[in-house]
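Reading the sequence shown from the start, the letters are residues 1 to 125 in full-length UniProt numbering.
It is worth saying that the hints were derived from the structure and are not from the lab.
No residue lacks a Cβ here, since even glycine has one placed at the ideal position from N, Cα and C.
A couple of the hints might just be wrong.
[Said to hold, decoys possible] Restraint ranges, calculated between C-beta atoms of paired labels, are given here: (1) E86 to S22: 13 to 21 Å; (2) P104 to N34: 20 to 28 Å; (3) Y95 to L118: 13 to 21 Å; (4) E108 to E63: 29 to 37 Å; (5) F105 to N34: 19 to 27 Å.
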Amino acid sequence: MKRILIVDDSFYMRTMLKNMLSDAGYEIVGEAPNGQTALELAKETKPDLITLDVILPDSTGLEVLKGIRQEQPDQKVIIVSAVGQEVIVNEAMEYGAKSYIVKPFSEENVLEVVSKVLAEEAPES
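Please model the entire structure based on the sequences and the hints provided.
Below, the structure written as structure tokens:
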């Protein structure tokens, strides 16, 4: 079973993603409402995938992404952002995010993106 960490400051968004993903058979290893907790949980739980909101109360998703990639360069991260944040999404992709999901999202879209990213093979070292 693939393990996922959800990072979003909105309790509602975390719950929605958690329900969609656990119903689809994924294990949710943690939920983080801010960047600090996200970095701690990423290190602690070593998830197969992290969904990462762009706007967090204590930092930006980009800062968290950089921190995660420093510790775990092969960590798969999907950015979750509101419509109209294309510049940030593009920057996140440059920093190593594997894909992105735009809010508001459909369950179908979330599961498709997650499944596609998890299916990608890790690069040979």
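Verification of the hints:
no., hint, verdict
1, E86 to S22: 13 to 21 Å, "30 Å, violated"
2, P104 to N34: 20 to 28 Å, "22 Å, holds"
3, Y95 to L118: 13 to 21 Å, "20 Å, holds"
4, E108 to E63: 29 to 37 Å, "30 Å, holds"
5, F105 to N34: 19 to 27 Å, "21 Å, holds"
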